[in-house]
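With these hints in hand, go ahead and build the complete structure from the sequences.
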Amino acid sequence: MFKKVFASAVLVATAVGLAGCATDDSAISLTVYSGRSEALVQPLIDKFSQETGIEVEVRYAGSAELAAQLLEEGQNSPADVFFAQDAGALGAVGKAGLLQAMPQNILELVGSDYSAADGSWVGVSGRVRVLNYNPEKVTELPNSVFDLAGPSWKGRIGIAPTNASFQAFVTAMRVLEGDAKTTEWLAAMKTNAVIYEKNSAILEAVEQGQVDAGLINHYYWFARAKEVGSEAMSSKLAQFADGDAGNLVNSAGVGLLSDSSAGKEFVEYLLSKEAQEYFANETSEYPLISGVAVSSELTPLSEVPAPQIDLSDLDSLEETLALIRAAGLI
Amino acid sequence: MRRPPLLVAALGISAALLAVLPIGYLALRLVEGFDRAIAELLRFRTLELLGNTALLVVAVTVTALVLGFSQAWLTTRSNIRFAPLFGVLAALPLAIPSYVMALGYVSLFPGFSGFFGSWLVLTFSTSPYVFLAVTAAMVRTDTAAEEVARTLGYGRWQVLLKITWPQVRPAATASMLLVALYTLSEFGAIAILRYDTFTRAIYNAYRGSFDRTSAASLAVVLLLITLIVIWFERKYRGDFQANSMALTKRLRVDLAGYKPLATVWLSVAALVSIGIPLASLVVWSIQGASSVDIGLLVEALSSSVQLAVMAGVIIGIFGTAVALWGVRYRSRLGSLIEGISWATHAIPAIVVGLALVFFGANVTPWIYQTTLMLLIAYLILFLPNALAAIGVPIAQVSKNLVDVSRSLGTPANKTLYKVVLPIAFPGIIAGVGLAALTVLKELPATLLLRPTETNTLATRLWGATEELAYAQAAPYALLLVIIAGLPALALNAQARKALSEVRS
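Listed in order, the protein sequences are those of chains A and B. Everything in the first sequence is counted per my numbering, starting at 276 for the first residue and increasing by one. Everything in the second sequence is counted per my numbering, starting at 5 for the first residue and increasing by one.
No lab work stands behind these hints: they were computed from the structure. Every residue gets a Cβ at the ideal spot worked out from N, C-alpha and C, and that includes glycine. There could be a bad hint or two in this list.
[As the list claims (entries may be wrong)] Derived EDC-like pairs: lysine to aspartate or glutamate, alpha-carbon spacing no greater than 20 Å straight-line:
hint	chain 1	residue 1	chain 2	residue 2
1	A	Lys501	B	Glu470
2	A	Lys370	B	Glu36
3	A	Lys465	B	Asp407
4	A	Lys511	A	Asp422
5	A	Lys501	A	Asp422
6	A	Lys322	B	Glu457
[Claimed, not checked] Which stretches of chain B does chain A cover? Using the computed rule of at least three CB atoms under 8 Å from a CB of chain A, they are:
hint	segment
7	212 to 218
8	360 to 366
9	450 to 456
[Stated by the list, open to error] Which chain A residues stay away from chain B? Per the calculated CB distances, all over 12 Å, these:
hint	residue
10	Leu346
11	Asp393
12	Ala513
This is how it looks when you write it as structure tokens:
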């Protein structure tokens, strides 16, 4: 009897497994790998499907995990579009030769500062690196990100060295100030900094008083302020002096993995006035096409004291990683 | 040496082949960038990680043993009051994913982090493995020897060390192996609590730098550590004792003056491992109740349960075959296959997941991103969990019964299906339950391999915490704990079953 039970269990399991394989393919459909959250992206996608009739399947996960997944899938990826949280993830996929050239008419919608130099991906929204601080603990704001290397900051500053935005900022520091000065700063961070996994964790730590300040992207603060009310926020944001590497402007973007025209339509939609306004209002990010206003609580992009740097100069990620690793931060 | 039946051999060999996939993938990545892999291994940082990892694994394994063993002994061998209740409380942390426990603590005590936090959370997450295994073994073994020893003038500790421990040692060491490998491959809780181990470094190599070669070289080191741990376990496991005379009325040790102390110990353990994390989840859930989409919640619940049941059954079938081969046929090939299944267990889920992404997309695209692929991943990842539960009952089927069956002219294979499997069946069901429970909690491989647009409780929970919307995450977490609590309770009941049978 038990032989039968055992054998039929095997059969049932096989059948269930095979049934799981049966997938249906519909006419015009699009597969998007999204490193940006479902709560943010899905409403846009629903609207896009409604307007165009294109069915969109979305796979949500972390940008970095999706990049790793795309690298493993190689040419056989089912994905048509990669919508990433940061330039680093797109760069890694682009470097492996997996991204299709973005059509010129799309690239022209966005300033070349915010897209890949080789046109392999296009920026969709902008964000600014800021100092997030607790005003009770930090009374005198640092003038430069280099001030954080001083002994008075020991154990007081939160950073996320594995985060792509942090790495882009370190690359900007290298481009602006040179490798020697950057190495020195990173070594100081090994003693001064408390290491976190991501920006949101740093914000949380500053809010709760575990660290006095942290280096993050601006919109994390606004997202939280929206959830709890800005008067309930115990931390504040500040910029460093004009042109400081710590004020870098960075972008989230999108790349095409297949030739599908639906994919191009989707990218065009993300760069439409409607979608750009959505980003400006929902996440307090900077819209990247002209003619869309920034959220009223933000300094306009032109007034941000950002360093004069072209984002496409920031493609030397490997050298940056080598320095961060040599400093023992990852 | 007898050969196992064809079905057992076929299942065992396929399980081993699947388990070899991630190892092959690692080799491929290493060959691609051998120089860089060597450079990665020679960094000072690698040594630092090695020290951190070893410290945590040893600390967690030792404390989980002490905790789980004491819980098992107190609830089966002592006259402590409310023993069944404390039994349930000792098993329940199994239902709480360690990242949920970590989040619960961090949200209540913001400074909770580093080695201490990781040690605490992982000890309480893993002690149920020891508790369940040792309870099952204690219930099945005879107390007569202990009583004889006591009448011969042995003290309590002497009886414990010289009589009780050797009897439960195989079960205890098998569960310690599970604890050690769990700690080696844990990522979620470690990341939240910010303690640097090999596994965190492997994830960071992927996430921070898309560096598959250094991730692979670190994973190979992890694999070597695992082999060392497995070797130790094999060496010190001792033989399982088949004991058919176990179900006799047993004496319970009178704790006398130590009773209050023992009660406090068990209560504090329950408070720390279940009370505090659950309280924090309930508070969040109340805050988030209004914002939860019930439709999404039900959808996630249903796919979680379906996946867990399917995976549990499949893992149970393969686990039974591998355990039969390894334990009852004692051939070299059989134990090699068992060893391979265990070795893969410490490879972080992201590595197993990416290996299957690589294999699936490029070799078997027709099953890539289907439920089948996900089930294969679960099989690779969690076969050892089932093996730990299934191995002991299969080994404990009395040799006498098998001999009697054979002497009555029943062919060996028929004896297997008519005698061995039915007797071991409750243990096999326990293995299925344990595997299903672990599948419910799994996250990294699920994110990588699930069919696009399929969401489980764990992936929804991840999505919400990723946006720091803890209040929205909490209902998913609470539901996950409740669902996973069912198999945990069943496992506990299973382990203690013999106890109540004798008493009634």
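Tell me if the straight-line CA distance from Lys501(A) to Glu470(B) falls inside 20 Å.
The hint holds at about 16 Å.
Quick check: do three or more residues in the segment 360 to 366 of chain B have a beta carbon closer than 8 Å to a beta carbon of chain A?
holds (count 4)
May I ask you to check that Asp393(A) keeps its beta-carbon over 12 Å from the closest beta-carbon of chain B?
17 Å, holds
Agreement of Lys322(A) and Glu457(B) with the hint, judged by alpha carbon distance not exceeding 20 Å:
Given that 20 Å is the threshold and the Cα spacing comes to 17 Å, the pair holds.
Consistency of the no-contact label for Ala513(A), given chain B and a CB cut of 12 Å
The claim holds: Ala513(A) sits with its nearest Cβ about 21 Å from chain B, beyond 12 Å.
Run the distance test for Lys465(A) versus Asp407(B): straight-line Cα separation, threshold 20 Å.
With a Cα-Cα distance of about 66 Å, the restraint between Lys465(A) and Asp407(B) is violated, given a limit of 20 Å.
Would the pair Lys501(A) and Asp422(A) pass a check requiring their Cα atoms to be no farther apart than 20 Å?
31 Å, violated
Verdict on chain A covering the segment 450 to 456 of chain B, where coverage means 3 or more residues with a C-beta closer than 8 Å:
With 4 residues closer than 8 Å to chain A, the segment 450 to 456 of chain B meets the three-residue bar; holds.
Pair hint Lys511(A) and Asp422(A), alpha-carbon separation not exceeding 20 Å
At roughly 18 Å apart (the allowed maximum being 20 Å), Asp422(A) and Lys511(A) satisfy the hint.
Mind checking the alpha carbons of Lys370(A) and Glu36(B) for me, to see if they're no more than 20 Å apart?
Measuring from Cα to Cα gives roughly 17 Å; hence the hint holds.
Counting residues of the segment 212 to 218 of chain B that have a beta-carbon nearer than 8 Å to any beta-carbon of chain A, does the count reach 3?
holds (count 5)
Taking the minimum C-beta separation from Leu346(A) to chain B, is that value above 12 Å?
The assertion about Leu346(A) is violated, with a minimum of 7 Å to chain B.
Checked against the numbered hints listed earlier, the structure breaks hints 3, 5, 10; every other hint is satisfied.
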